[in-house]
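Chains as they are written, first to last, in the numbering used here: chain A, 1 to 85; chain B, 1 to 402.
Any given hint could turn out to be false.
Stated by the list, open to error - Simulated crosslink set (SDA-like; lysine to any residue; CA at most 25 Å straight-line):
| id | chain 1 | residue 1 | chain 2 | residue 2 |
| --- | --- | --- | --- | --- |
| 1 | A | 6 | B | 128 |
| 2 | B | 152 | A | 36 |
| 3 | B | 125 | A | 46 |
| 4 | B | 125 | A | 81 |
| 5 | B | 125 | A | 63 |
| 6 | B | 125 | B | 64 |
| 7 | B | 152 | A | 35 |
| 8 | B | 199 | B | 391 |
| 9 | A | 6 | B | 131 |
| 10 | B | 152 | B | 98 |
| 11 | B | 125 | A | 51 |
| 12 | B | 125 | A | 39 |
| 13 | B | 125 | A | 83 |
| 14 | B | 199 | B | 37 |
| 15 | B | 303 | B | 373 |
| 16 | A | 6 | B | 67 |
| 17 | A | 6 | B | 130 |
Hints are computed from structural coordinates only; laboratory data are not their basis.
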Amino acid sequence: MSIRDKVIAIIAEQAVLEPSDVTETSTLEDLGIDSLGLVESIFAIEEEFDISIPFNANEPSQSDFDITNVGAIIAGIEKLVAEQS
Amino acid sequence: MKRVVITGAGTINALGQSVSATLEAMREGRCGIGPLEFRDVERLAIQIGGQVRGFEAEGRFNRQQMSLYDRFTQFTLTAAAEAIGQAGISFHGDLSARSGVVLGTSGGGMTTLDENYRSVYEDGKNRVHPFVVPKLMNNAAASHVSMEYNLKGPSFTVATACASSNHAMGLAFQMIRSGAAPVMITGGSESMLCFGGVKAWEGLRVMSKDACRPFSANRNGMVQGEGAAVFVFEEYDHARKRGAEILAEVVGFAMTSDASDIVMPSKQGAARAMAGALADAGLNGDEVGYINAHGTGTAANDKTECAAVADVFGPHADNLMISSTKSMHGHLIGGTGAVELLACIMALRDGVIAPTIGYEEPDPECALDVVPNVAREAQVDVVLSNAFAFGGLNAVLALRRA
Numbered sequence: 001m002s003i004r005d006k007v008i009a010i011i012a013e014q015a016v017l018e019p020s021d022v023t024e025t026s027t028l029e030d031l032g033i034d035s036l037g038l039v040e041s042i043f044a045i046e047e048e049f050d051i052s053i054p055f056n057a058n059e060p061s062q063s064d065f066d067i068t069n070v071g072a073i074i075a076g077i078e079k080l081v082a083e084q085s
Numbered sequence: 001m002k003r004v005v006i007t008g009a010g011t012i013n014a015l016g017q018s019v020s021a022t023l024e025a026m027r028e029g030r031c032g033i034g035p036l037e038f039r040d041v042e043r044l045a046i047q048i049g050g051q052v053r054g055f056e057a058e059g060r061f062n063r064q065q066m067s068l069y070d071r072f073t074q075f076t077l078t079a080a081a082e083a084i085g086q087a088g089i090s091f092h093g094d095l096s097a098r099s100g101v102v103l104g105t106s107g108g109g110m111t112t113l114d115e116n117y118r119s120v121y122e123d124g125k126n127r128v129h130p131f132v133v134p135k136l137m138n139n140a141a142a143s144h145v146s147m148e149y150n151l152k153g154p155s156f157t158v159a160t161a162c163a164s165s166n167h168a169m170g171l172a173f174q175m176i177r178s179g180a181a182p183v184m185i186t187g188g189s190e191s192m193l194c195f196g197g198v199k200a201w202e203g204l205r206v207m208s209k210d211a212c213r214p215f216s217a218n219r220n221g222m223v224q225g226e227g228a229a230v231f232v233f234e235e236y237d238h239a240r241k242r243g244a245e246i247l248a249e250v251v252g253f254a255m256t257s258d259a260s261d262i263v264m265p266s267k268q269g270a271a272r273a274m275a276g277a278l279a280d281a282g283l284n285g286d287e288v289g290y291i292n293a294h295g296t297g298t299a300a301n302d303k304t305e306c307a308a309v310a311d312v313f314g315p316h317a318d319n320l321m322i323s324s325t326k327s328m329h330g331h332l333i334g335g336t337g338a339v340e341l342l343a344c345i346m347a348l349r350d351g352v353i354a355p356t357i358g359y360e361e362p363d364p365e366c367a368l369d370v371v372p373n374v375a376r377e378a379q380v381d382v383v384l385s386n387a388f389a390f391g392g393l394n395a396v397l398a399l400r401r402a
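Kindly produce the complete structure, drawing on both the sequences and the hints.
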């Protein structure tokens, strides 16, 4: 499974949706994922890829991690995974 | 001052997963204590407890709830659903704004703490689930009850070790009596039966390896239990107006502190709490027919408690009944007074006194009618429920037949 598919699967599970219902242009708000759901998703992604995501729930917009939409999240994860290896 | 009545009760504990199942077990003198089952139990010196078995939290709560509910919260919500269902009450408008939740617990989310310590210390993981804090905090259960039932008034958690539930219920009683709240959801919960929880208790050397035998000369310590009991305390006129069934009336409460020792009980502190509850209720000692004892089955507690009863009640101490249901459900620590209040309600409502099981040899230092081994039919009008905590914090409730 690609990084993209794995991230979408994690976000879909959090949103209680099918992966096919999650697109790269979906925002977390569109998917009904609130702030608690977001930190739980980030935890699940960190566990999946064994990476550390620089995200501070106090100032999401200041974090060095873009959560504008699913596509931005995937791009950020791909970068972190690449840096790690 | 307002009168305070109980209009709903719910529980889950080693004897049963409802009030009816629990009271049936108490009537039959059944023992809910058995071999503990959890990870690393073989590394414990103490391997028995009153564990809740066959509880399928996964079927009861959804995935999101499971990620936020420690076992002590799961127990609380299970008991609260039964209690509030029985009371047949829902909270809207002014009633919602003024009613609240006050619950007792000692360890809070101890299982969550234990599992996550294991994960970071033993397994060397460097990342924990984001909800560890909201899951383990002592007020998690009270907060989830408030959210589930729309209770927006005074809500908080009381932690006074083994007296937590009695302190919580006493405060709920006082808030309704004073007019501060029309309805309070109250009681307590505990879930310390995990490796770290029992290991910590082992350290004190007060635990029995085989059974809890309160007041028996051959008693050799306490046995831990787990679970919850939750009640709906309601202002009398409010309950009457809506035609609610009244299970019992709460008539008095007192709390004292020994101010002497962090673990050893004090006769004076216990006696002052019982006498205080009687005075608060405007009762004479000879009106009390039954006392649900703290009765832990330790050498120190049981003889001190009996001596305190003798001091408070004088010759009437030989006429009243006193039993410890911890012999059946174990010591639920912060939840114990709540489960034990069920035995008080059974005494008042059904005229059945729950026994002290495991009683084998009379102890001259506990020479009271401890209702040994077999439940007894007796009509009682007034009962007390004792709780005497580590730290010398005592809380006694007085109840009257509805």
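* Do the alpha carbons of residue 152/B and residue 98/B lie within 25 Å of each other, as the hint requires? -> The hint holds at about 6 Å.
* To do: Verify the proposed pairing of residue 125/B with residue 64/B, using a straight-line Cα cut of 25 Å.
  => holds (23 Å)
* Asked: Taken at face value, is the distance from the CA of residue 36/A to the CA of residue 152/B at most 25 Å?
  -> Answer holds: residue 152/B to residue 36/A is near 22 Å, not above 25 Å.
* Asked: Is the hinted pair residue 6/A and residue 131/B satisfied, with a Cα-Cα distance of at most 25 Å?
  -> Holds, because 22 Å separates the two Cα atoms, which is no more than 25 Å.
* If you draw a straight line from the CA of residue 125/B to the CA of residue 51/A, is it 25 Å or shorter? -> holds (13 Å)
* Would you check the hint for residue 6/A and residue 67/B, treating anything up to 25 Å between C-alpha atoms as holding? => Answer holds: residue 6/A to residue 67/B is near 21 Å, not above 25 Å.
* To do: Take the C-alpha atoms of residue 125/B and residue 39/A, compute the straight-line distance between them, and say whether it is at most 25 Å.
  => Given that 25 Å is the threshold and the Cα spacing comes to 18 Å, the pair holds.
* Is residue 125/B close enough to residue 81/A, meaning Cα to Cα at most 25 Å? -> With a Cα-Cα distance of about 19 Å, the restraint between residue 125/B and residue 81/A holds, given a limit of 25 Å.
* Taking 25 Å as the top limit, are the C-alpha atoms of residue 152/B and residue 35/A close enough? -> Given pair residue 152/B, residue 35/A holds - Cα atoms ~23 Å apart, limit 25 Å.
* Asked: Is residue 199/B within 25 Å of residue 37/B, Cα to Cα?
  -> holds (14 Å)
* Starting from residue 6/A, check that the Cα of residue 128/B is at most 25 Å away, please. => Holds. Residue 6/A to residue 128/B sits at ~20 Å (cutoff 25 Å).
* To do: Would you mind confirming whether the straight-line C-alpha gap from residue 125/B to residue 83/A stays at or under 25 Å?
  => Holds - the C-alpha atoms of residue 83/A and residue 125/B are around 21 Å apart, at most 25 Å.
The structure shown violates none of the earlier numbered hints.
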